[in-house]
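Dock chain to chain to rebuild the complex, using the hints, since each chain is given by itself in its own frame.
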Amino acid sequence: MVSKLQVPLTVAAYKSDVHNDWCPGCGDFGILQALQQALAELGLPPWETMVFGGIGCSGKVFNYMACYGVHTLHGRVLPFAMGAKLANPDLEVIAVGGDGDGYGIGAGHFVHAGRRNVDMAYIVLNNEVYGLTKGQASPTLDRGQQTKSLPLPNINDGIKPLALALVTGYTWIGRSYAFDGKHLKEMIKQAIEHKGMALLDIIQPCPTYNDLHTAEWFNKKVKEEEKSVSKLVTVEELKHDGVIKDPTNRDEVFEKQRKAFDLIQYRGERIPIGVFYQIKLPTYIERMQSQVPMLKKYSPVRIPYADANHLPTTDLTDAFEEITF
Amino acid sequence: MKNELTIGIGGAAGDGVASAGNTLAQSMARLGLYVYAYNSYQSVIRGGHSYLRLRISAQKPLNHGNQINGLVALNQDTLNRHLPELLAGGICIYNNDKLKPEKAPPGVQLCPLPIYELAGSTALPVMQNTVAIGALIQLMGLEFQALESVFQNVFAKKPQVVAINVSAAKAGFDYALKHFKPFSEKLYKTNNRLALVTGNELLGMGAAVAGCKFYVAYPMSPASGVLHWMAPHAKELGICVRQVEDEISVINMAIGAAHMGVRSICATSGGGFALMTEALGMAGIIETPVVAINVMRGGPSTGLPTKTEQADLNQAIGASQGDYPRIIMAPISISDCFVSVQEAFNFAEQFQCPVIILSELLLSEGNETVNVEFLEQEIKIERGELITPENSTMGKTYLRYLDTPSGVSPRAIPGTPDHLYVSATDEHDEDGVIISDVYTDPVIRKKMADKRARKMQGILQKISKPSLEGSNEAEVTIIGWGSTWGVIKEAAEQLTQEGIKTNHLHFKYLVPFHVKEVLDILKKSKKTVIVEMNQSGQFARHLSAETGFRAHAHIRKYDGEPYEPKHIINGIKQILSQGKEIVEVLSTEPGWRTPHPPGPGVFTQAARIN
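These protein sequences, in sequence, are chains A and B. Taken in order, the first sequence gives residues 1 to 325; the numbers are from this note's numbering. Taken in order, the second sequence gives residues 326 to 935; the numbers are from this note's numbering.
Bound-form chain B, shown alone (with noise of 0.2 Å):
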């Protein structure tokens, strides 16, 4: 092991997992230790199962990690399906007073809590989640401090609050000293200035620094965390933020704010998303700068509500009927959230087209640590070709779409004197007036398709290009995209210490795609994977459109578990001692129980027999 402990909480929705988990993670935060937190949740206000791992490090962990050190069970269930998960030297923390464990696995240490008699018997329920987490800071060998200051801090206004808070953390603190043994694996804490947040947090975040100043949302999991963060933050940083009727609302007044010059996003999933499509095409046609996440979530139709897929890649690359330039962008970590918005207003401005974001509920509602420094950088805000005084061209004609050679027109902001235009969505010249109905003109129609079309070959300059990770001289070249990069990049570095010399490349940039420089490396690559979490393969097909190049073999995810390291080290395993073409891979370790009560057809029959 390396300095790191991965810890499982589990109970019911409603039990306070997330917040037992939160209160962890903001304690590691505060010692310096990166936290990486996967919240595996149900689409119920109260009841299911919630089950949350946090991958706790000195180093940034990547991933939430193959298997748990530690469990906090907060229910029965929880304690029957993950005991049998730890690993040997791990420890399971319970509340004693209620929860019965079964055989626990060799070398597990079980640490029952006596809560009514640390917590006392009129503490409310949630107060064993606080006993347990004071014993597990305790087993970690970490100081009790930490989590007395992050009490203090999430209770601030409530003092009284904070007290039992304080009393019950210290003596399940104190219990544990006294009746468990701690991991052998200790933590330090460190220096480091950590910040722990979310994928949408941090497009949030990294909308609001980038200037957007409108953002227009109709709730949908797992996009609202975006709306959550944008809401309460509307009044200091003077966001317009609405919500709306629907996404169909949602994209246009984010597209008719941003005709207007301001800086206009909306996040949505994919459900959301395919309301959107007809108006990317529009922001397409009247050149309109705009950007559209879609967080996704497992699909088709309403699908996984609340659990993690890459299949809306078709989607986006079809999003709205007709050819438009359009830049479609997957944030590779919960962090290059932050960044990836921020470069997503950039190339929307400069290139006058939608930029589409394709995050991914893993990413979005996960929870890292990320270095304070990283959100302080400042990214250079372009706004690309905009009529200026210094520019205008008063007493001339303006024309909005005017053909230039990179295919961008230099934007007029409604509200300037003597540049007047109109904008069509209907094909139309360079003033904007449409050629559609009477005058349908086969030489502008080609003339102004090919204006927008060229785009491309600008943004394609101005994103960066995939490149290797890991050495050129590989047996396997692993192929990404997207929310894989920290899974996979662990996979290889270990397969590589395992002697199956391993590199990486991974796509963040989908459309435009760097053909040849992607051609170069390939053809170069030995044994060719991809990775990606969807049934069909839908980068494999984009992949061998865009370049014509067919993978050896691929491994796919579609249960709505996120990757493990160990399912991408098995699955290469797999193809390369078995030359499987394909490995799909199932989240069905022990403790994976999942019992559902009959559907009413099932009732109805067994009654009908009885």
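The following block holds chain A by itself, in its conformation from the complex (with noise of 0.2 Å):
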């Protein structure tokens, strides 16, 4: 884990000078801030934090934070981020990208992430279109929708991300909402605290292109049982505890995965934000490190292999053995 440090951190830390270029009113924003404020909270050191970005206006968080960051491919933020969370597990891990990033181009990468558990948070911004290029129909966009760059409804389903999630084996899955900055940053801390592969989609309105699911129809009140509330409800509010307290208890896992998945799907009049889904499983650094106890005591960025001259010290005694007969 990573030093936390005994001065908090202020959010100015992870801020950095660049021009930011989201349109005004963007659903980023919101969260860019949020994702500051979360990590200064956290007390993690910036130069142990690595923030990778996939491709689209959500894989620019990276640019305009202070921290070690790598903008990937589109789609290929996941292995990215893996491979180096892997070769360095002291390091803090966040992976941020898009709908048609992470559930769309990427749905491979998204799907077999599920089956490791590395100890990492990916964080999706989802607004239901690619809005870097000009507002074409995302993974996530419902049948039947029309947002105003399409010439005709969307005829696929929307995929269900939290729902894909939970049967690929996240670890975490939770929702929040772009502009509720509260929620919003607990969340995120949850996210990366949580040991192992945790999974936020962050609902994000495009002022540009998602012209059916904007700031206001998220603010609109609706009516529940002759009550006008609010859009979004916390699962809390709904009465859910996702969170497994015996992992080894089948029942229990298989009784809240049903409750996490019923409340996942259900989005009528409100949508359920919070932690709907929380395991604690071994992470795959430590099943690795079962396996392989030199990765135990060192992590693969810090195993030696060369001596002072620069010579390899790596010994094939046993290997070269193999071979000779």
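Don't read these hints as lab results, they were simulated from the structure. Incorrect hints may have been included.
[Stated by the list, open to error] Straight-line alpha carbon distances no greater than 30 Å define the calculated DSS-like cross-link-like pairs of lysine-lysine that follow: (1) B:K560 - A:K195; (2) A:K296 - B:K560; (3) A:K227 - A:K195.
Okay, here's the thing in structure tokens:
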């Protein structure tokens, strides 16, 4: 784990003065700020924090932060970030991408990342459109919907990313909203602190291309049992506790998975936000360490392999014995 | 003959061709005899034709030779196909209880073995292999002890299995002494300390010695052998070895790990390499050192999964969009795989760019004996310019992509305090911040593209220049690249012996290219012939693109089978005597019969006619 600083950091420590080119009113601003606040409150030193970005508006989050960052390829933020985390588990790894990036072109990696439980946070900025390429339908846009760039309504069903995460093994699954700064910051902190693979899907209105699900749309009250209520509702209000107390208790696990699945799917008038599911399982690094004990002693980046004269020190005696007769 | 024997072992896949071949090869290695083995197998678990050719000699053979002296036939098909290939003085060993040979060529001795009698009627079918190898060792004039100790080594944990095998092999050994005449060519043991290895194993071992701590893979023939070496050695060597969902994930994980300072490598074949290409360009622009191995097989598409070809040069040269510095190297022999991968890591880190190794099925899955001393050599590990506590720029502004005369910028490994930077796959300035979307700046763009491109000059200084092998005064200069070094060398030597003075220019490093040095050599050459294993002459075009030089003639082969010296010798003779410009070689000697059942379309038509 990363050493926590004694002196609390300020949000400013994570801010860079790089010009920001997101559209005015973009949900990404709220997410960037919440991420910087979360990191500061967690006291994670910027040089031991790595933010990886995919491609798209969301992929630029790293660019506006002061920490180590990598802009990866479209759809490949997860494998890049996982490779980095496995190579140096001492760093705090956060991957940030969009819905097209992660659930479309990167869907294969998204599924397999769930099977591994690498200790990292994956934050997806979900706006149902491909913003940077002028508003085409993303994999999360529902069937029948027609955002303003579409000449005809969408005939694909929308993917349910949190349900997909649930069946592929993500061990922390949550949803938040770009303009609910307080809730969002708490969700980001939890996703980072979770020991394992966390998926935080953030509803992020795109003011330029998503004219259906705008900030105003999310702010509108809805009717429930004759009462006027907010559209976004926390899982706590819905009396859902998705945290598994005993991971070896199959009944508890199945029951909470089933409840989480129901809640994730439920998107009638109200949209639940919060933690749908959490389970504590061995991380990928712990699984590897149990098979390769040397990785417990050293992270791959620190295993010595050369002497002071730069000559190799790896001992292949045993391997040579296998091939000599 | 020069104290060497070439043995063919053939059977259906599942008959134990490979294990019989291994037993023989290991016995030879134990006796200090060099082996070069080529396995012409097919992508089926059982059935299909599998044929292994082992060339055995006290001098290191550089290829699998032209023809066989001995044949061990494990099924009728092998007997029918390969018996006609045997040279006079040759020997054919087969199971007399099951197989019936056609007429043997003149001077070939048929050696039927009564397997049931020798191994016992209850013996497993694979025991026929053991009996046959026992008989073969006898006829080669070698001592039984070597074979016995191989069984002891292979079945170390199963003394009963050792006993059964030793007794079956001894029965064959003794039977052959009584009933057959030995080869007139005798082999003698030497004091060489030899190891028997495949190119894939050497790629794995070389990577391990070089300090590789991260290996990711997706299974693909013929590159899986690297994974199969890495996985069981991960524990003792402390290597993070993972199999992941696809080659896109493979290369992105490898680059992610490399970005953190780990020496990271991955291996695949052409199809997987195609999936990796976008990320190689990423390694180019974010200047992360990574090594990607493409073990070439016959293409395009699924192509020939179990056959060899050199047809991915274009793909490697054109891998990924845009211009970026890269190194492409092709090991020239099985043993060179060991050195190549160590060099590749050094180059990758010194120049902070991707290195592509073009290996080939022939090298990667072929077996060769190498001197143990060769494997014990120590190649210096060079990590290039890294920010360390000593040269830390603490307090000053750190520019990860500093524009330097060499194009190489000192690299801080993430985790280093006070050297924060971002790396962008978009074009970026020296600080790594992207310039592409709002402030695309032509001056910065050009500066950064030029900075990266300058690395190629430095690389060219580091890689060794191609040099001519053989006499400077030659009638013919054969030009080759990669795996064909050994077979061309032998062909050139034999042509010279026959009075056609031939020399040889061979390329291991393909990108960047020593234009001036190569032109200096080729301008003096009288008749230049490019030998390569592809249909369109990919290297010929590369040479022409780099130097403007066009060779006089070409020998090409793309039928899946590797060159034998005779193919090249005959090709050169045809070029000289008939003035041919392109000679296309086909392995169609007696024995290469491959009947195929008709496809469904043919079947339907036939059914309709009936």
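Exercise for the section: Take the C-alpha atoms of K560 (chain B) and K195 (chain A), compute the straight-line distance between them, and say whether it is at most 30 Å. Expected result: Distance of about 24 Å is within 30 Å: holds.
Problem - Pair hint outcome, K296 (chain A) versus K560 (chain B) [Cα-Cα no greater than 30 Å] - result: 11 Å, holds
Exercise for the section: Below or equal to 30 Å on CA atoms is what counts here, so check K227 (chain A) against K195 (chain A). Expected result: Violated, at about 40 Å.
In terms of the numbered hints stated before, the structure departs from hint 3 and from no other.
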